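**Student:** Taken in sequence, the protein lines are chains G and A. Taking the numbering used here, the leading residue of the first sequence gets 1, the next gets one more, and so forth. Taking the numbering used here, the leading residue of the second sequence gets 1001, the next gets one more, and so forth.
A few of these clues could be false.
[Stated by the list, open to error] Per the computed footprint, the stretches of chain A lying under chain G, defined by three or more beta-carbons under 8 angstroms from a beta-carbon of chain G, are:
1) 1009 to 1016
2) 1313 to 1325
[Claimed, not checked] No more than 25 angstroms apart at the CA atoms, straight line, and that leaves these computed lysine-lysine pairs for BS3-like:
3) G:LYS353 <-> A:LYS1002
4) A:LYS1075 <-> G:LYS350
5) G:LYS330 <-> A:LYS1002
6) A:LYS1075 <-> G:LYS291
7) A:LYS1075 <-> G:LYS353
8) G:LYS392 <-> A:LYS1002
9) G:LYS385 <-> A:LYS1002
[Unchecked claim] In silico negatives: residues of chain G with every beta carbon more than 10 angstroms from chain A:
10) ILE24
11) GLU32
12) HIS43
13) GLU46
14) GLY81
15) LYS104
16) ARG121
17) LEU178
18) LEU208
19) CYS209
20) LEU212
21) CYS359
It should be emphasised that the hints constitute simulated quantities derived from the structure, not laboratory data. On a predicted model such as this, the values are computed, not experimentally measured, just so you know. Just so it is clear, CB atoms sit at the ideal spot from N, CA and C, and this is done for glycine as well.
Below, each chain spelled out in residue letters.
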Amino acid sequence: MSLWIGPMRVHLNGHKELTSHNEIVTVKPKGEVFIPLNVSMNHRAEVLVKEGDTVVVGTKLGIGPEPFAIPIYSPVSGVVGKVIQMMHPWLKPTDHLVIKDDGKYTFARSFDPIDIETADRETLVAMMKEAGLMGCGGAGFPTFMKYKNPQGIETLIINAVECEPYITADYRTMKEFLDDLVYGTRAMLKASTAKNAIIAIKKNKHELCTKLQALLVNTPEIKIFMTPDVYPMGWERTLVYEYSKKRYDRLPSEVGFIVNNATTAVSFAQALRQGKPIGEKIVTISGDGVKHPVNVRVPFGTKVSEIIEAIGGYSAEDVHIIAGGPMMGKTITTDQFVITSYANAITVLKAQKIDPLPCMRCGRCNDTCPACLLPVRINNAEEAKDLNLIEKLRADQCIECGLCSYICPSKIDVTEGVRRAKRALQLRKK
Amino acid sequence: MKFTYHVSPNIRQPLSTQRIMLELTLGILVVLGYNVGYYYFNFGLDYALHGAAMIATAVVTSIVVEVAWALFYKKNPLAYLKTSFPWVTALLYVGMMGINKPLYVIFLGSLVAIVFGKLVFGGFGQNVFNPAGVGRAFSVLTFGGFITKSVSDVVTGATPNAVMEKLGWVITDPAAVSKYLTQFNGLSGLWTGNYVGALGETNTLLILAVGVYLMLRKIIDWRVVMAFLVSLFGFATVIMLAEGMDWWYPFFFLSTGGVMFGAIFMITDPVTTPTSIPGRIIFAIGVALLTTLIRVKGNLPEGMIRSILFMNMMTPLIDRIMDGWPLKSFRKHLVAISSVALVGLLGVALTTTAIAYIPPYVAPEEKPTLGDLIKFTEVTQAGQISIVSSTQDGDVLTVIVKSDGYAVLEDEHSEDPQPNEIEIKLNTATQTIVSVKFTDFNDSRIKKNFIDHPDFLGQFEGVSYVDPEASVDVSVGATYSTESVIRAVVAAIDAALAQ
Ligand code: SF4
Ligand code: SF4
Chain G
1 MSLWIGPMRV HLNGHKELTS HNEIVTVKPK GEVFIPLNVS MNHRAEVLVK EGDTVVVGTK
61 LGIGPEPFAI PIYSPVSGVV GKVIQMMHPW LKPTDHLVIK DDGKYTFARS FDPIDIETAD
121 RETLVAMMKE AGLMGCGGAG FPTFMKYKNP QGIETLIINA VECEPYITAD YRTMKEFLDD
181 LVYGTRAMLK ASTAKNAIIA IKKNKHELCT KLQALLVNTP EIKIFMTPDV YPMGWERTLV
241 YEYSKKRYDR LPSEVGFIVN NATTAVSFAQ ALRQGKPIGE KIVTISGDGV KHPVNVRVPF
301 GTKVSEIIEA IGGYSAEDVH IIAGGPMMGK TITTDQFVIT SYANAITVLK AQKIDPLPCM
361 RCGRCNDTCP ACLLPVRINN AEEAKDLNLI EKLRADQCIE CGLCSYICPS KIDVTEGVRR
421 AKRALQLRKK
Chain A
1001 MKFTYHVSPN IRQPLSTQRI MLELTLGILV VLGYNVGYYY FNFGLDYALH GAAMIATAVV
1061 TSIVVEVAWA LFYKKNPLAY LKTSFPWVTA LLYVGMMGIN KPLYVIFLGS LVAIVFGKLV
1121 FGGFGQNVFN PAGVGRAFSV LTFGGFITKS VSDVVTGATP NAVMEKLGWV ITDPAAVSKY
1181 LTQFNGLSGL WTGNYVGALG ETNTLLILAV GVYLMLRKII DWRVVMAFLV SLFGFATVIM
1241 LAEGMDWWYP FFFLSTGGVM FGAIFMITDP VTTPTSIPGR IIFAIGVALL TTLIRVKGNL
1301 PEGMIRSILF MNMMTPLIDR IMDGWPLKSF RKHLVAISSV ALVGLLGVAL TTTAIAYIPP
1361 YVAPEEKPTL GDLIKFTEVT QAGQISIVSS TQDGDVLTVI VKSDGYAVLE DEHSEDPQPN
1421 EIEIKLNTAT QTIVSVKFTD FNDSRIKKNF IDHPDFLGQF EGVSYVDPEA SVDVSVGATY
1481 STESVIRAVV AAIDAALAQ
């Protein structure tokens, strides 16, 4: 296959050593947290508390509209403040609910713990919804939707690949909560009706694998699957193909798979065992733009500027600050935004001026596109504003993984061109 | 604090276009440098200097032209050069030119390559045709006549393909094959470029080695090179089978006419080839097919560049056809590529049956040119004569005579000169000469066929040896040898008369 359409993936320098072994730093917000009220690109949650209410960790603050009826829980204890507008990592100014943090982190269970041995499948799925679990892909897809009507599911894939450079948050979360990972996986396996589960980890994570192996001796239905260290191994399609050599049209369930992130499994386990929704997060703050790259433990809603200050500040005057990893994460023109409940990293890179050269039609972007598209042709079609051709070239299939820009020797923003094409196509469809 | 916006992704791979062009430049320079060295060690400093001057002319011309262009369009010339890489075109162009080309030809060719091959299309990345190919084609068309002439003392023989062209691209006779190959120091000579030819094209093995390096470094796409070489080998094999030739043929096919130079440096030029992998493979097979057909059917030595330029023209079309979602068009592409390959094989097989009408090659004979009369009695040169044997058999007297020829009398360079040994048969009844032939020819500096040839020796037959006017025509350019034969004949006649 790769003979024909190229490798569809690339080994990247992960820079993971910056943060994979040093201690996790706990950062406390400076008095206030800001809870984003959007539950998807276009849906805003309804607020269930009033200004002046006293809340504790785990108090339900709001809930999204159907079908994104995802509850939002307070990550801190304190007093509810106003709703203000702030920048959101999805690059839109968004309503945020202010909570004045009293610094005590008083916790009250949001829901009752559930024993997975006795609970039935429906109860587990309901818990996923109740716990507010969301996929980690930028769009914030509610996890429970995948489990509502599972049909012909063979295998549950727990995705612990973490292929974006710099990010080690998943890795550190798993290491910290290995027990929860296994428990959460078992719960998801039950909820998914699949026969077995695999935990997909990059093959260079020996230590974690050995420990995990020891925990899995009594659960033969869960296996570890080692993947090569390439990008975008963590993308569902690439992962499913690597494991099964199968390709699918829209959803992995078509070929019998459900894919979930490892941290989601951990959060699920914590909800089931302790009645605790997502509150604190482990987030990687890395890149050559910060003095001391490190993983931090923070309540979500904490401002990024406060976190960076707490870990020693920036290492340059001019930086790109990226919500997420350097490949897919978006640069934001301010550090006045918060860690969301589904965030896992902030990457800060020294700003670099790139002088693109003309495209030399080398086709490297075509050879590496994991969606097997022809990015340079899409770019040409976009320049010519030829929407029919864009459609034929299937720009809609682009996952904006960034590989085409990454690989381009002329340093052209190929991905951006494809993005524009994709958007033009969406606009026409409307 | 400044938070600069940039669209994702925000990291880039280390390999840059500048780096690619740099490594490519070094790759070509290795090949050209080797050849300049080859000429120095085998033909002397003059050749090497001329080669170096050709390279310099091409590179300087290309840079000057682009600087002028940039200035004309009010651009910063240095910045323009850095993103335009004119010297790559210049080096490729000069690599395809023979060592005997005058510098003004190189100058004009580079000029055309840069201006009409590249700049008029909008510069780097925009050109349709391979600019070096354009320059080369221009040189061949305009200075075609000049191109085989020699510059000062730089003389060249015909290239392997030019000779092969005269042979009609098919030689089945083993003797002719070995004669052909030995001209170029055998198959290994062809592969190592041990003959005079274009400045960069001759040493196939070296180019291949540079190519392997470039492929490993991912500077050029190995799929294109492989697809091309494999299909060209395949087509040559078909011809070989159709014509009943031997395995030397496909290997010869791959080693001459700039095929390897084109495979590594020309068809891998990203700008003028399709952008998708299946597209590039079809492009490569297309060039191989056209090269083969132009060689055997068009019977021209210059297949490679024409084919590349033609396929360059097809590139937008191939790209168009390949547009879509390759993941889903896998089948379609497989069918497309296999049919191109199959049609190619069939086409070659069919046309090769048609090429057999060209008669098999016979090497032109070296014949004596006959000049003025020499009477037997008027031989001017003196030389030692000794009769080795003399036997009478009926009417026929056979005399074997040693007679000093050119080697003994005149050749200062000969270390151990020997006389010629000649057998003369006389009919003592009719007093005529029956035949004259060499039993040992030693005037090796004289072309043997000038003397030891029926055109010359046949003159003696039937000549009456008592006729005082008896004479033969001299073989032009071999007077000493001619006279050594006559003296031997006279000695034999004397022996017969003395009986
Ligand atoms: S960003 Fe889109 S077009 Fe570019 S490589 Fe990734 S999937 Fe392909
Ligand atoms: S990788 Fe860059 S230079 Fe090469 S074809 Fe794609 S866009 Fe053009």
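**Student:** Now, for every hint given, state plainly whether the structure supports it.
**Tutor:** Verification of the supplied hints:
1. 1009 to 1016: As far as the region 1009 to 1016 of chain A goes, the hint holds, because 7 residues have Cβ atoms under 8 angstroms from chain G.
2. 1313 to 1325: holds (count 5)
3. G:LYS353 <-> A:LYS1002: holds, 14 angstroms
4. A:LYS1075 <-> G:LYS350: Outside the cut-off at roughly 30 angstroms; violated.
5. G:LYS330 <-> A:LYS1002: Holds, because 16 angstroms separates the two Cα atoms, which is no more than 25 angstroms.
6. A:LYS1075 <-> G:LYS291: Since the Cα atoms of A:LYS1075 and G:LYS291 sit roughly 41 angstroms apart, the hinted pair is violated (cutoff 25 angstroms).
7. A:LYS1075 <-> G:LYS353: holds, 20 angstroms
8. G:LYS392 <-> A:LYS1002: Status violated; Cα separation ~41 angstroms.
9. G:LYS385 <-> A:LYS1002: With a Cα-Cα distance of about 34 angstroms, the restraint between G:LYS385 and A:LYS1002 is violated, given a limit of 25 angstroms.
10. ILE24: The claim stands: G:ILE24 keeps its Cβ more than 10 angstroms from every Cβ of chain A (closest is about 25 angstroms).
11. GLU32: At about 21 angstroms from chain A, G:GLU32 clears the 10 angstroms cut-off, so the statement holds.
12. HIS43: At about 24 angstroms from chain A, G:HIS43 clears the 10 angstroms cut-off, so the statement holds.
13. GLU46: holds, 32 angstroms
14. GLY81: G:GLY81 is indeed farther than 10 angstroms from all Cβ atoms of chain A, at 26 angstroms.
15. LYS104: The claim holds: G:LYS104 sits with its nearest Cβ about 33 angstroms from chain A, beyond 10 angstroms.
16. ARG121: Fine: 35 angstroms to the nearest Cβ keeps G:ARG121 off the interface.
17. LEU178: Answer for G:LEU178: holds, closest chain A Cβ roughly 30 angstroms.
18. LEU208: holds, 25 angstroms
19. CYS209: It holds; G:CYS209 is separated from chain A by about 27 angstroms at its closest Cβ, greater than 10 angstroms.
20. LEU212: Answer for G:LEU212: holds, closest chain A Cβ roughly 30 angstroms.
21. CYS359: violated, 6 angstroms
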